[in-house]
Structure formats: C-alpha cells, structure tokens
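Participant: Sequences listed follow chains A and B, in order.
According to my numbering, the first sequence is numbered sequentially starting from 1.
According to my numbering, the second sequence is numbered sequentially starting from 199.
Rather than coming from a laboratory, the hints here were simulated on the basis of the structure.
Incorrect hints may appear among the rest.
[Said to hold, decoys possible] Here chain A is said to cover these stretches of chain B; the calculated rule only asks that three of the stretch's residues, wherever they fall, bring their Cβ under 8 Å from a Cβ of chain A:
1) 249–255
2) 679–691
3) 713–723
Don't be surprised by glycine CBs; every beta carbon is placed ideally from N, CA and C.
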Amino acid sequence: MSEILLKIDGQEVTAKQGMTLLDAARSAGISIPTLCHHEKLEPYGACRLCIVEIETRGGTRIVVSCVYPAEKNLIVRTRSEKIDRIRKMILELQMAHAPDSFILQDLAKEYGADRNRFEKEASFCIHCGLCVRYCAEVKKKNAVGFIDRGIRKEISFIPEIASKECWKCKECFPLCPTEALQAAYVLVEALAFPQAST
Amino acid sequence: MSRINSPAELETFRKNLLAGRDPNKTCITLCSGSACHATGSRDVAARIQEEIQKQGLNDEVEFRRTGCHGFCERGPIIVIRPEEICYFQITPEDVSEIISETVRQKKVIERLLYTDPATNQKIVHESDIPFYKNQSRIVFGSNTSIDPKNIDDYLAIGGYSALAKVFSGMTPDRVLQEVKRANLRGRGGGGFPAGIKWEGSRNAPGDVKYVIVNADEGDPGAYMDRSLLEGNPHSVLEGLIIGAYTIGSHEGYIYVRQEYPLAVENVNIAIKQAEEYGFLGKNILGSGFDFIVKVHKGAGAFVCGESTALMTALEGRAGEPRPKYIRSNIVGLWGRPSVLNNVETWANVPLIINNGADWFTQLGTDGSKGTKIFSLVGKITNTGLVEVPMGTSLRDIIYKIGGGIPGDKKFKAVQTGGPSGGCLPEELLGLPVGFDELTQAGSMMGSGGMIIMDEDTCMVDVARYFLEFLTDESCGKCVPCREGMRQMLKILTNITKGKGKEGDIELLKQLSETAIEASLCALGKSSPNPFLSTLKYFRDEYEAHIKDKRCPALSCKELISFYIDPQKCQACLICSRKCPSDAIRGGKNLIHIVDQEKCTKCGTCFEVCPSRFQAVRKISGEPVPPPIPEEARTIARKSKEK
C-alpha cells in the first residue's frame, strides 16, 4: 500500500491508501468530533459534525472528514472560526431533540453551544443511524430501520424480525449517543409483544 | 414490421413512409397532454372520431392526438392542417361544427379563434399567435405534429436520422466532440456540461456502464419534462441511444415519476416500437452496437431528482443521496460509471448531431447555448410551456410570450429554479436567462420552473411555502438540512403569523450558512435559497412583518383584518349573506360592520363586494377603526323615500 503524505492542522500526517481524512487525523492523534461515525460501519456522512476545511486552488472548501479520502499533499484544518460556528449550530439543532445526551453536553461545552437555543422537541433520536446501520451491516438482521423522510423520519423496529433477533442481541443499545434507543425498544416491546414483556 | 438493418434501409423506409402520406390531406391534431386531458381533451377526441365517422370523412381526414402544445391556459387545442387553423378551449359541443364547417368547407369559426388581447383581433394561424410567435421551439415544437404513440410520425419528421448519422461513420469520439463543442449543459438543474460528464464515463475503467434519463421532475408547477416525455418520447430515446454509444453503455434506465402515468405509458410504447424497428436491442441499425432501455417508476420523492439519490433508488433502496466525494459518472449506479441527464438534455442530443454544434451554439449566450423550455405559471395571463433561446430576457418571456399579469395587477417577482431557486424582482426583468446569469442573481435555472407573482403575493410567505415543501421532501439524513430547515420553517411561520422577533433574520442567516456549507447534497445546500433571495430583494417585507406586524402584500391572514368602509358601504347585504362565519352585522339600509371577533379572514366579503362600491378593505399593521355608532348607520336613500 502506498503512503500518502498530507498536512492536518500544520502537522505532517502519513495516511494509507483508502483512509479518510478522519482516519488519517485520528491515527495521528488529532481529534475530530463525530456522532454518526463508527469504525465497524461504512461512513454515513449524516451528522456533519466532522466537517473540516481543505485548501483548494484559490480558496478553502468544507468537506466531511468521515467520507473525504486522504489525498497527497492536501492541507487540512480541523478547526477554524467558521467550522466551530457550524459545529456549534449543529449541536444546538441536535440538542433540541436530545438535550440530556452526555455526548452532546460534552461537545456543547467545547463549542459553546447553547442547549436552549431552539425550542425543545424531545424526540431523543438524533438520526445518527448507528443502531440501524449496526444491525444491517454487522449483524445483518435489519431489525431496526428508518421510516418516513424529512422531519418525520424516525427509527422503528420491525416486529417480525425484532421478536426473533433482538432479545439475544441488544448490541445496538450502547451505541446510541442519546440513550433513546432503549426507550424506543422498550416502547416497541410493550406495544408489539405484550406477552413477552409481562 | 420487420427490423430496419442499416442507416440506408432507414432512409428508404422513411421515403416510402412519406410517399404514402399526402401533405395536403386534412389532419386534425388535438392536444392530449396532461393539462388538456384535465380540461376535457378525451371527450373532445371521442366526439371527433364519432363525427368523422358520422360525416363519412374516414378516408379524407386524419385525426391525430398529439402531446402538449404548450398553451395550456387555452386548452384543449385543435389545429387543423395543412391550413394550420387553430382553435382553443374546445368542448365536445363544438366538434360537429368544426368538422362540418372548417374541415369540410374550410370555413373558419370566428368564436373559437384566439383573440389577441392587445389588438382585439382574431388570429387564425397558430404561428401568428404572440404566445407561439415569440418562441423558438426547436425541442418542443415537434410535439404539436406527432402522435407520441406512433413511431412512424416521429420518423416522418426525420426521427432517428441523428442515430443513422452516428452509425454512418461517426466514432464515439466524434459524437463526444460534437456534444462538447455544442456546450450542451444539463437542463435538470445543475447546468453541468453534458459532454464533460460523458467524457468522464467514457474514460472510466470498466465494461459495464449505464445511461439514465432523469424524469423525476418534482418542482411545484413544472411540467416541461413530463410534456416532452408524453409528447415526444422517441426524441429522448434517440438522444439516450446516442449517449450510450458514445460512452460505451449497453443498458439504460428511464427514471420516471409514477405520478406521470401518460409519460410512463407513452415511453413504454415508444421503447417497444423502437425495439421492433431495431433502434433498440442487438446490432442497432447493423452497427454491431447493442443497447436496451428499462423504465423505472419512481415513488415520488423530490430528493430522487438528485443524481445519487436517484441511483440509490434505482438500486432498490430508499432514495437518499450518497455522501461520497466521487462523481457518479465515474462510480454511479451499482458502482459503475453512469451518465445521468435530464429528459430535455437528452432530447437536445439528436438536434446537435443532426445540425451540428455550430448551429446549436448560434443560439444562446456565451455560457448557455441552445434553448430552454420553461413552465410559465402563477399570476400570468398565458399559462403554459414556452421554449426560448437562452439569453432571452425575463421581461420578454413574461410579457411578450406570457402576456403579462392578469387583472391589472402589478408584477412583483418571478421565482425560477424550483423550490430551491430564488425570487427575482422587477429591477431584474431585463436579466437574460442563462445558467450563470440566474445563479449570479441569487436564483438558479433549475429545471425551468417559472412562477410569476403579483403584488398580492407576500414574499415572506413564499419563502415559508417553499421551505415547507423542502422540509417535507428532504430525505432527512443530514442534520443541517433536516434540522436546519425544521427551525427555519418554524421561524418563517412565526414571522408570517406576526410572532417574528428581533434577531430572527440573523438566526435564519446563520441556519442558512450551516445548510449551505455543511449539507450533504444539493437539496440541502440550496434549501435556504427561497429565504436568502427574498431577503435580498424584499427585506422590507421581512422587517414590516417582524417590526410592524404588518404584511405589505395584505396576504398573511394573521396580520390582516377586513374592514368595511362606512363611507362606501351601500348596505347591499351581499357580503353579509355570503359570509360563512356570520361575522357581518347590518341589514337593509344599515351600513355593514365586520365583527372582528367572529371574522375568520376568509376574504369572501372582499371578493363579493361589488366593484362599484369597493367598500371592503384589508388593513394590516394598524388598528381597525372602531365601528361607527348605531345612530349613524342608517343610509338615507333619496330615491326610495318618494
């Protein structure tokens, strides 16, 4: 595998072919915040928290580091006034749904995000898709999926699969950044399998 | 029908076909596009067939149901050829007269003709009508003369001759150079040069490549692609086959909305006929080139017009854009190089091949060549589809072709580019339409939607409307789009309800920045456009809503009141009778008063108050005057006292 040399936050970083900017940064000990990223899963590019600035001909461009491939001689900045401002906004938007998530609270502290900026709509789920993708990609069961689209999008367990698979697995529980999945699960359990839950 | 095996055979076939058709034979063409279908074209068609039979004209008269003619405001439309006599708004009752007078005796029926509102003169010929006269219908024009369900009609006007030309010795490289030289830019929204897109796919490694027609037109009020696919599906197929040959693809897809049943039907018929004739399948026109086309019906998600979401949907998964930083012409459908172009873009290809890039580039501006079809809707006299050379000014489209704003109202804005486009004000009416020109002005070409707004339209409410549409249609995957728009919609809704706050505009701007910079796909990145462009040109309306709680267009319900001017009210009782919520007090000879508590602001009183009185007024941003005292309400009527 050929090695790629690039510069992240002024630091020379060596990456391997096929690595993303996020992989490259993390391998060099440079931290970039993420919510929807997981090493075992395909890059998803949904939370957009991992945005970084790359230098292009004649200017800079914002890309998501969890998807953008490491390129030779690329100059990358993981923090800037603009990046911090957008990350702060993303956190504030998410905290309208999951104000008590520990991960979000920690990040909010770092970026000065105000958890009360937007009116609360505590649905808990922030649509990171970790449970959905883990179940599909790692467990290959598809017991939980997204339904609907836009602002009505939500996660939902498919009762026929969930009743067979979920009891013995529950591996998606600890992945949830808002601890909401459990709530959803319990709800489904109560609604769909009344006998099992009593 | 046996297969046509070479370009030469095609020309012989065409010659025989034309020899069998008498150009002087009377032909009745009836517009049967979706818009005319809605205004009763099917019943008219049935009557025409009946009447031809009844009057024994079967052998002398040909009847053809064509695709959309474009002048949808006046449908259903009949054109009688070869005289080109054009009748509008035909009902089944008119048919018998048309056949006996015009078809049999060549007499023109005055009342069915178009009246030019400017000169009040009747116009007989289609091409003399200002709506048509000022267009350049190189792509759309054939719609009016062919039956889309009959491939012979397309062949009779020179159809598939571009394909024959390609297979008469043009290498894929030659075709590519021609399309590149023509600078054909994508008509679906982005305006990306088709030739460069094709070249990327052509040069990409791999044996399996795809070409795709994007017929997932989803902009509110836009129906160019629909009408083209319904009215002239073979022109799209011909372009697609040429594109496939150029990049080395043997399989194509047409992604069409399932809400377009006629387009689906006609394109399926077209594919079947093209297969029978040997324009699709193995060894096309004896060239050794194989190509098949499949139709995929989309489930009606706006975001599936986005190229990667469309491909994801084609693969059978939920239509969400891919997060990848790699172009789909390199890694597209099922990971293969895939060229996706919009319906209108494909339909331009045969024209470029037949007439050459030099001919094509004569039309248009420096950056935008050829023509563009726009759907002209909203507060416009001539609703319909218009095709003009790129570079035509907005003013010419709206006034010369569109006939201006109806009802003596003032023009306020034109919204171009669909939901994620923008609104341009009167000062910019001189702007030539082109990809770059519209983008620089803060809007975009999009797929060619053009919604005209008059003085009664509230621009804040327009922004709110489009944001609502986009919120509904977002795939919901990435945060800046899903959550950002959720908040933008809330704020805009509040402003239109008089609950706007100091700082709202700033917050909307910050949410816009997040969406533009950090969204995953073009839908998200352009989602703030309705807000940003209305803010840019109509900031005063935002401020009036937020600071004065006033809607300058007198349109936002929660910011207006209906008031009856006691000086003007003639106590005619009309409004009080029509009021659905019983909110108008008054009686015979008693000046009417709106009970503001009961009023639901439906506007009925405003509409029904006789224009000679004009007593009902809309008030915004100021208190409603107190009702006049009881004793002053009686109207003394001199004439009736006698």
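Participant: Of the hints stated earlier, which fail here?
Facilitator: Failing hint: just 1.
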